[in-house]
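*Asks:* This note's numbering puts the first residue of the sequence shown at 210, with every later residue one more than the last.
Keep in mind the hints are simulated off the structure, nothing from the lab.
Quick caveat, the model's predicted, so the values are computed rather than measured.
All residues carry an ideal CB built from backbone N, CA and C; glycine is no exception.
There could be a bad hint or two in this list.
Said to hold, decoys possible - So the derived label-pair ranges between C-beta atoms look like this:
| id | residue 1 | residue 2 | range |
| --- | --- | --- | --- |
| 1 | Glu566 | Glu346 | 40 to 50 Å |
| 2 | His677 | Asn325 | 45 to 55 Å |
| 3 | Gly322 | Phe636 | 29 to 39 Å |
| 4 | Met635 | Glu601 | 16 to 26 Å |
| 5 | Glu337 | Phe641 | 52 to 62 Å |
| 6 | Glu701 | Gly322 | 44 to 54 Å |
| 7 | Gly639 | Glu669 | 29 to 39 Å |
| 8 | Ala290 | Leu528 | 17 to 27 Å |
What the hints assert, rightly or not - Straight-line alpha carbon distances no greater than 16 Å define the calculated EDC-like cross-link-like pairs of lysine to aspartate or glutamate that follow:
| id | residue 1 | residue 2 |
| --- | --- | --- |
| 9 | Lys612 | Glu296 |
| 10 | Lys502 | Glu273 |
| 11 | Lys530 | Glu506 |
| 12 | Lys262 | Glu307 |
| 13 | Lys592 | Asp575 |
| 14 | Lys282 | Asp292 |
| 15 | Lys282 | Asp310 |
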Amino acid sequence: MAASLWLSCRSKGMVKLLLGGRLVAGACASLRLGGGWRLLHRSRELLGIPAFKILMPALSPTMEEGNIVKWLKKEGETVNAGDALCEIETDKAVVTMESSDDGVLAKIMMEEGSKNVRLGTLIGLLVEEGQDWKQVEIPADTGDPSCLAPLMAPPTVAPSPPSIDVLASASTKMEHGLGKLPIRLSPAARYILETHGLDPSSITPSGPRGILTKEDALNLLQQKQKSKAVESRSMVFPAPTQPTVVPLAPQATTVSSIYPRPAVPPISIPGQPAAQGTFTEVPASNIRRIIAKRLTESKTTVPHSYASTDCDLDAILKLRKELAKDDIKVSVNDFIIKATAVTLKQMPDVNVTWDGEGPRQLQSIDISIAVATDRGLITPVIKDAAAKGVQEISASAKALAKKARDGKLLPEEYQGGSFSISNLGMFGIGGFIAVINPPQACILAVGRARPELKIVEDEEGNEKLLQHQLMTVTLSSDSRMVDDKLASVFLETLKANLENPIRLALC
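Make a model of the complete structure from these sequences and hints.
*Replies:* Listed below in structure tokens is the structure:
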């Protein structure tokens, strides 16, 4: 399309945009006039095809960043609402991201294998069906949203020369009209803005049709918190004064350290002993980094208390053999989950979480079971375990463990939980202490079953030496919610339920 642009600002004070020989009134262009900017209209051909932004979503409550594992759609493919777009590794598992709009995937901004992508970062562009997706407009804000400036900053108007009074008047009216346009807010974004007193005019909406989304509001809140942190640091740590430079004596430069630093870092050579100071960088998965962060927070902020007891497993092992005759296969760990859930039902004061202000007693008994995977430890949740039988608990535990190892857990399958169980008995561990998984109040560490001799009396009162299978369990409890007495009573009740499995059928 033939186009010509004729600008005359100094001589006649006029600006005309000619497109095909005619004056066009709806096109957007920027002109530099007297040090300021004036915003005019230009056509879609100059802008490119407008697109809906696909941003990195929050797929778990604790997610701060994610990794792009695999794109399930290619550029140019049609996408319907609900279709799987890509697989994202969160701090818990690999989750499939679904599209919320219909259209065509025009541009992938973050390729497969992209690491540590912050929430709200642009990862793709979607255009409407029937449009030329190859001509999509690539926005400038493709990086981390926390370090982006608003796309439409308030223009600085410099004094205009008399020769362009007409153009300045028209531009001022346009800017005044743009400032009065209402900002469309999503319900979640409106709640965040009203709660924290944020100004939505300082950020550009990224949602479809100019809607300010929850991610936009969270990014604005993050920018506000960062600015406060910078101000507080500048007040606490004043600028250091410049020290007086005193020349050193020449003899001081010749004195060497007892352990001098090598000028060239040592290099490890295959087939030879490693040189001193060499190491190999081991990349940590997103899950392992989040686990390290959460464990550190738990040990430094939660007051841990510990209590242990030994449980006799003879009755459970005997019951397992009888069930196996009817082709019912359940594990000792399934009985432990059921016994723990029944004990929590009997003692609801332990089925609590910490909400920041105080304990919160939960109505549902949801047991988190620790599962070791190649990417790290994850705790899928067996919902309402007290109301399920041992066989149903066994089926749920197996299904969740398989999905956890395959990285296919859904967010609702690992979020929440009121009590955690970690069992290392299958690895031959006799006993250990586990770290509490906040905001839960307790975690039970289970060791292996071990044979021990014990003196018992028969019906006639004669003492006999018999072998028993004992198992050590250790309860880690949050002292803010579960004191030592309550923890001791809990272990005593749990021990009674395990040693008399018939009691599990009564609850």
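*Asks:* Are the hints correct? Go through all of them and say.
*Replies:* Evaluated hints:
| no. | hint | result |
| --- | --- | --- |
| 1 | Glu566 with Glu346: 40 to 50 Å | 47 Å, holds |
| 2 | His677 with Asn325: 45 to 55 Å | 52 Å, holds |
| 3 | Gly322 with Phe636: 29 to 39 Å | 33 Å, holds |
| 4 | Met635 with Glu601: 16 to 26 Å | 21 Å, holds |
| 5 | Glu337 with Phe641: 52 to 62 Å | 57 Å, holds |
| 6 | Glu701 with Gly322: 44 to 54 Å | 52 Å, holds |
| 7 | Gly639 with Glu669: 29 to 39 Å | 35 Å, holds |
| 8 | Ala290 with Leu528: 17 to 27 Å | 51 Å, violated |
| 9 | Lys612 with Glu296 | 15 Å, holds |
| 10 | Lys502 with Glu273 | 12 Å, holds |
| 11 | Lys530 with Glu506 | 43 Å, violated |
| 12 | Lys262 with Glu307 | 14 Å, holds |
| 13 | Lys592 with Asp575 | 5 Å, holds |
| 14 | Lys282 with Asp292 | 9 Å, holds |
| 15 | Lys282 with Asp310 | 14 Å, holds |
Figure legend: structure checked against the earlier numbered hints; hints not met, in rising order: 8, 11.
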